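S.K.: Those protein sequence lines, which keep their order, are chains A and B.
Residue numbering for the first sequence follows this note's numbering, beginning at 1 and increasing consecutively.
Residue numbering for the second sequence follows this note's numbering, beginning at 1 and increasing consecutively.
Quick caveat, the hints were computed from the structure, so don't treat them as lab data.
Treat the numbers as computed from the prediction; the structure is a model and nothing was measured.
Incorrect hints may have been included.
[Unchecked claim] Simulated coverage check for chain B against chain A, where a stretch passes if three residues somewhere in it have a Cβ under 8 angstroms from a Cβ of chain A:
{"id": "1", "stretch": "2-13"}
{"id": "2", "stretch": "33-46"}
{"id": "3", "stretch": "94-106"}
{"id": "4", "stretch": "111-124"}
Cβ coordinates follow ideal geometry from the N, Cα and C atoms, glycine included.
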Amino acid sequence: MHKFWRSAKQCLFAGAALICLTVVSYRLHLNLATTGFLYVIVVVLLSRLGDFVSAIVASIVATLCLVYLAPPNSSFRVDDPLNVVAIAAFVVTSVTIARLVSLVRKQADDALSSVSRKVVEAEERERRRLAGELHEDIGQRLTLLSLEVERRKTDLPNPGTPSGMDPLQKEILEILTDVKALAHELYSPRLDYLGIAAVMSSFCQEFGERKNVMIDFTSDGLPSFIPPEIALCLFRVLQETLHNAVQHSGTRQFDAKLWSTLDEIHLRVTDCGVGFNFEKATKAGGLGLNRMQERLKLVKGKISIDSPPLGGTTVHARVPVGFGTDSIQVVG
Amino acid sequence: MVVEDFLPFRDFVCNELAKLPALQVICKVSDGLEAVRKAKELQPDLILLDIGLPTLNGMSAAQEILQIAPESKIIFVTQESSPDVVHEALTLGARGYVVKTRARVDLRVAVQAVLEGRQFVSDGIAGFR
Numbered sequence: 001m002h003k004f005w006r007s008a009k010q011c012l013f014a015g016a017a018l019i020c021l022t023v024v025s026y027r028l029h030l031n032l033a034t035t036g037f038l039y040v041i042v043v044v045l046l047s048r049l050g051d052f053v054s055a056i057v058a059s060i061v062a063t064l065c066l067v068y069l070a071p072p073n074s075s076f077r078v079d080d081p082l083n084v085v086a087i088a089a090f091v092v093t094s095v096t097i098a099r100l101v102s103l104v105r106k107q108a109d110d111a112l113s114s115v116s117r118k119v120v121e122a123e124e125r126e127r128r129r130l131a132g133e134l135h136e137d138i139g140q141r142l143t144l145l146s147l148e149v150e151r152r153k154t155d156l157p158n159p160g161t162p163s164g165m166d167p168l169q170k171e172i173l174e175i176l177t178d179v180k181a182l183a184h185e186l187y188s189p190r191l192d193y194l195g196i197a198a199v200m201s202s203f204c205q206e207f208g209e210r211k212n213v214m215i216d217f218t219s220d221g222l223p224s225f226i227p228p229e230i231a232l233c234l235f236r237v238l239q240e241t242l243h244n245a246v247q248h249s250g251t252r253q254f255d256a257k258l259w260s261t262l263d264e265i266h267l268r269v270t271d272c273g274v275g276f277n278f279e280k281a282t283k284a285g286g287l288g289l290n291r292m293q294e295r296l297k298l299v300k301g302k303i304s305i306d307s308p309p310l311g312g313t314t315v316h317a318r319v320p321v322g323f324g325t326d327s328i329q330v331v332g
Numbered sequence: 001m002v003v004e005d006f007l008p009f010r011d012f013v014c015n016e017l018a019k020l021p022a023l024q025v026i027c028k029v030s031d032g033l034e035a036v037r038k039a040k041e042l043q044p045d046l047i048l049l050d051i052g053l054p055t056l057n058g059m060s061a062a063q064e065i066l067q068i069a070p071e072s073k074i075i076f077v078t079q080e081s082s083p084d085v086v087h088e089a090l091t092l093g094a095r096g097y098v099v100k101t102r103a104r105v106d107l108r109v110a111v112q113a114v115l116e117g118r119q120f121v122s123d124g125i126a127g128f129r
């Protein structure tokens, strides 16, 4: 429906542009060839900015303008077979150009989307690899080190009494906690076996403890199965949003809610902080907003950000479920 | 049966189990799919299972093992200490849950408790014991 209205708007815009052009041609006494050439430029511009349907409509309107509205001294007389051929040539040329431009645009969009997908896949692969190294190698070695310290504590003359080993073991366990938290932030294997709500809840709790902020996470009415690529995408949006919020909002209280409607899953993160200028932040490429948008695009999702000055920030991501998504392949 | 992909820790687990004379380690494997295959073949009494495993994570492996070897008792021995993970593990049908950092104290206690038909969860996990 949204697409239909966009096309309708473009058609109206094209019609208005062509009529204005006709008036200008009339006033300036331009000849038929120049007027026709200007019409073709309008059709090309519209194909570049709009969609194929609106470009075709513009071609037809341009033809009608040529036949009936162009300066009377240069209008076609449609009873002349040669003029009919010229009109047909104009229609074929403008439709072909519209088609070609729309094809090139589609290919460029596909290429961009393919690059985005590859970047996201590569990023996820690398995150997974680093998380694996941290969790399965460094984490395990620290665990063994802690167990070894514990063994040596029992070898001491008075086992069970406080010793110099205690702060050492405490330090090792603290490093281990940080390493595990970092690994989970890079890639949480819990996504493979816990539901997205439980993973988000754990993340909010761990992240809140680490950053010394309060994050109230709630979830409601989620379907029993959420495709992994959607779960991962929403999890990344939550991470990015909370990082931004903690860093820029100036407040220490945040709310995150995950819920589903009939055909969409929603994630909303709100704070009561100072807000930020969305346009400025997007143009500056900061805050990871572009990355969130690109990620959501890959699962046909959308993000909206409401952040009036000093009025807090609400980030709302929604992803359709039940319709085919272009899954992100991450091979570990 | 011991399922652990980090070999030094697997050795540690086996050494701890060797201190229990009633037990014999009949198989050591390092990935989830192999664990399922061996569980089906050997029907072990007790399986010590890590969660972060290659090819198939410990949770999914446990689910499959409990279908094909329903008599096997599973104890998770893992770095995960999140209450959600522990809850999920016990819901799946695991009899015990040992956090690796507490393995020196808890492992043998957990094994004995589970073999006696009791449930065991390491201390320090919010909401459990």
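S.K.: A separate judgement is required for each hint: does it hold in the structure or not?
M.R.: Each hint, compared with the structure:
1. 2-13: holds (count 5)
2. 33-46: It is violated, with 0 qualifying residues against the three required.
3. 94-106: Holds, because 5 residues of the stretch 94-106 of chain B bring their Cβ atoms closer than 8 angstroms to Cβ atoms of chain A.
4. 111-124: Since 0 is below three, the answer is violated.
Hint violations for this structure: numbers 2 and 4, all remaining hints satisfied.
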